[in-house]
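**Q** What follows is each chain in one-letter form.
2 protein chains.
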Amino acid sequence: MSEPYELTACQALAELRGRRLSSEELIASCLRRIAELEPTLEAWAHLDPPRALERARALDAGAPSGPLHGLPLGVKDVIDTAEFLTEHGCPAVFGGSRPKSDAACVALASRAGAITLGKTVTQAFACGAPVRTANGLDPDRTSGGSSAGSAAAVAAKMIPIAFGTQSASSTIRPASYNGLVGMRPSMGLISTAGMKCLNPSFDTLGLLARDVSDVELLWCTQVGVPFERAGLPARPPRIAVCRAPWTAAADQSARDAVDKAERCFALAGAEIRDLPLPEPFGRLVEAHERIQSYEAARSYAAEYFQHAGALDEQVTALIETGFGIPFEEYLQLQKLAAGARREFGVLVGDADCVLTTAAPGEAPLGARALGPAFKSMGSPNQSRAWTLLHLPAVTVPCHTGPSGMPVGIQLIGGFGADRRVLRVAHWAAAVLSS
Amino acid sequence: MSEPYELTACQALAELRGRRLSSEELIASCLRRIAELEPTLEAWAHLDPPRALERARALDAGAPSGPLHGLPLGVKDVIDTAEFLTEHGCPAVFGGSRPKSDAACVALASRAGAITLGKTVTQAFACGAPVRTANGLDPDRTSGGSSAGSAAAVAAKMIPIAFGTQSASSTIRPASYNGLVGMRPSMGLISTAGMKCLNPSFDTLGLLARDVSDVELLWCTQVGVPFERAGLPARPPRIAVCRAPWTAAADQSARDAVDKAERCFALAGAEIRDLPLPEPFGRLVEAHERIQSYEAARSYAAEYFQHAGALDEQVTALIETGFGIPFEEYLQLQKLAAGARREFGVLVGDADCVLTTAAPGEAPLGARALGPAFKSMGSPNQSRAWTLLHLPAVTVPCHTGPSGMPVGIQLIGGFGADRRVLRVAHWAAAVLSS
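Those protein sequence lines, which keep their order, are chains A and B.
Just add 699 to the spot in the first sequence (first one is 1) and you have the working numbering.
Just add 699 to the spot in the second sequence (first one is 1) and you have the working numbering.
If you're looking for bench data, these hints aren't it; they were derived computationally from the structure.
The C-beta atom is built at its ideal place from N, Cα and C for all residues, glycine as well.
Errors might be hidden in some of the hints.
Straight-line distance between alpha carbons at most 20 Å, and here's what the computed EDC-like set of lysine to aspartate or glutamate pairs gives [claimed, not checked]:
| id | chain 1 | residue 1 | chain 2 | residue 2 |
| --- | --- | --- | --- | --- |
| 1 | A | 1034 | B | 1042 |
| 2 | B | 856 | B | 910 |
| 3 | B | 799 | A | 1011 |
Part of the chain B face toward chain A, derived, beta carbon under 8 Å [to be verified]:
| id | residue |
| --- | --- |
| 4 | 796 |
| 5 | 810 |
| 6 | 892 |
| 7 | 900 |
| 8 | 922 |
| 9 | 924 |
| 10 | 925 |
| 11 | 928 |
| 12 | 1026 |
Construct the entire structure; sequences and hints are all you get.
**A** What follows is the structure, given as structure tokens:
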């Protein structure tokens, strides 16, 4: 057998159920992997190896607890955990803070048998200055943000599954940069209880793994449906290809990924059509950005008014931009968004999903390569509109860019059709890797 | 001058600005009122008089700080406060818990100069077993829930303004029971950061005062628009009267309130029409209840799995009902709700607002009158559908029931038209009190 840390969640579960592997062995293997790579990756904000091993032994000694029995999990540090510090990426304000109870997603995962190994690095409040966390596949490159630590840790095989969050592109972009499968579920259908609130209009849990099945497994434990490893769909899917106005700002490699996927999917029998977007959709990227700022200013009002000196320049700029946006503009943008949500459903028609760009391209160089010149973890603009539309999105690896780094594609489903888009993602991943 | 505690917020502000009253005098007057009535009312979970007086002196010594300069404020105990315990109505789980930072609404109010006097009583997690808090107008009757303490304290003139929350009827119902003006703003436009998450689909801040102007003042500080005391509208409003299917379950007094308002508004020149609701709207009350349970189960998963013995029967029943609801049903109900939101806008047409019932009738008898037989703070069913529709709602006092207790009406606006419905509420309150 390969080293346990190399297993995907579903592979590990099969070994655990067959009693060929204990949870303690799996956790210990992951902890050795973390000990080896963490000095390079800087993916973890807080770790508690003895606690994880103790929980693993308890699970090994008992009956199967649930669908995540014995699996190690990483949790982004804007998500509350009663057994770990939760500093929201900002120890200057939240240093030493330990919530009284777990976030909903953590409680549900724990109940299903997952073992939280620790909290993963994120920018301050999921929107602040870049963090040093390296890409799981190349330490000279950034992991992307804001679910930086979760994505790097899964890509480097420190853990098989992790929670991120997304209010713009914070799960899909780092997943693409790290060659992962990442999912942003339909807005509002998974409880955000215990997640640091940035945007009531956009905040969602993000799911990260190296495999579509593992993401689906995590999703199932959150919404409460039984997980069965998916077979391929009965017929090849109907796919609408969207080369949106904002893809012009992406690197060639991001557009190449969509072209490649389109060709592969057509060869595999998919029914392909183009999805041109009417004019108002071109305004959604900016609409998202403005709504995000308006809401961030209110959500972080306490931090801004009471801890101004402890906030970094990026958080401060976001909040101050937000306080400068008139309520009337915010309201008009919300109406634009609501109208676009209605119209988009009509445009997509009977397509099983939309194929589009996931990230601006390969992961840019990071803190290790650039030193003080490192200023950006990449633009969120390839996801802003989809986030604003409240639609479920899954990224799967597709292409290799000029530097040899992965570039994903993004599959967008209809509202609430999370499982349908996961099924297409299974099919797409199989087609793209064959 | 009357005692300072008797002043509404806008009246007190005028005195404060004219230097005829200091914030310290106002706070001291309110604290005396609290000391006198609190043994009967049981409205407060936590109070800190020395802190409030100290803040008042600091504000008196400085320049005007903002539109709420020097005003005492009550904050429902499911809303985070860094300077007070926040126990979510459940000390068995959250005893001694003090959040690291203020909720967004508290930070914005403080920045505007408000002084939080303390935290007000609520049921556990805003959905648990009845609390003893008495009605501010009759100690034998309940204040209603779940914003029980906030409503009672404002009605008893312990404070002029308070924050509640609403996920079903938790602001509108206690406001009606206490003869107050209460507002549930449009869903999603005021940040819920730092409010205990019950329903991502429904949670909103609630605003409570004895006067429409005071509610509008609070609303303005939250969304960031300047407050000016409203004049009456240029033309009498267009009002659609909705006798919804669920009003049949209300007491006669609730329906009488609507009839009385309709007559008064017509006499005052309003353009009145009926708003019949097509069949699917009859399902919204149950749809809200089922969505609420499904989401409560997830939002309170940590409390349920980790502190089961500390939860009361009502919280436990809500969570267990929720875990029994299949995801597919939840999703279908969300789609029903989204469809109803679209359709309702068309039905309302150019009406300025909808007139309907606010509460099931007068405040029922409470803990003091009934002892152990006290089991209910009243049904939320007169507000469930409006909450589900995400529309702004304002209740104003209208009628007196057979026991001499107040019965409000509810005015519902279009999504985002919060200020428009407040203007109609100004007009309605003037008409009804003339």
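**Q** For each hint, tell me whether it holds in the structure or not.
**A** Hint check results:
For the hint linking residue 1034 (chain A) to residue 1042 (chain B), the alpha-carbon distance of about 16 Å falls within 20 Å, and the restraint holds. Among the hinted pairs, residue 856 (chain B) with residue 910 (chain B) is consistent with the structure: their alpha-carbon atoms are about 12 Å apart, no more than 20 Å. At roughly 18 Å between alpha-carbon atoms, residue 799 (chain B) and residue 1011 (chain A) fall within 20 Å of each other, so this suggested pair holds. Given hint, residue 796 (chain B) at the interface with chain A, holds; its Cβ is 5 Å from that chain's nearest Cβ, closer than 8 Å.
About 5 Å separates the beta-carbon of residue 810 (chain B) from the nearest beta-carbon of chain A, less than 8 Å, and the hint is met. At its closest, the beta carbon of residue 892 (chain B) sits 4 Å from a beta carbon of chain A; the interface hint therefore holds under the 8 Å criterion. For residue 900 (chain B), the suggested interface contact is upheld, since its CB lies about 6 Å from the closest CB of chain A, less than 8 Å. At a threshold of 8 Å, the smallest CB-CB gap from residue 922 (chain B) to chain A is about 5 Å, leaving the interface hint in force.
Checking residue 924 (chain B) against chain A by beta carbon gives a least distance of about 5 Å; that is within 8 Å, so the hint holds. A least Cβ separation of about 10 Å between residue 925 (chain B) and chain A goes past the 8 Å threshold, and the interface hint is therefore violated. Because the closest C-beta pair between residue 928 (chain B) and chain A is about 18 Å apart, greater than 8 Å, the hint is violated. For residue 1026 (chain B), the interface hint holds, since its Cβ comes within 8 Å of a Cβ in chain A; the closest pair sits about 5 Å apart.
Hint compliance for this structure: hints 10 and 11 are not met, and every other hint is.
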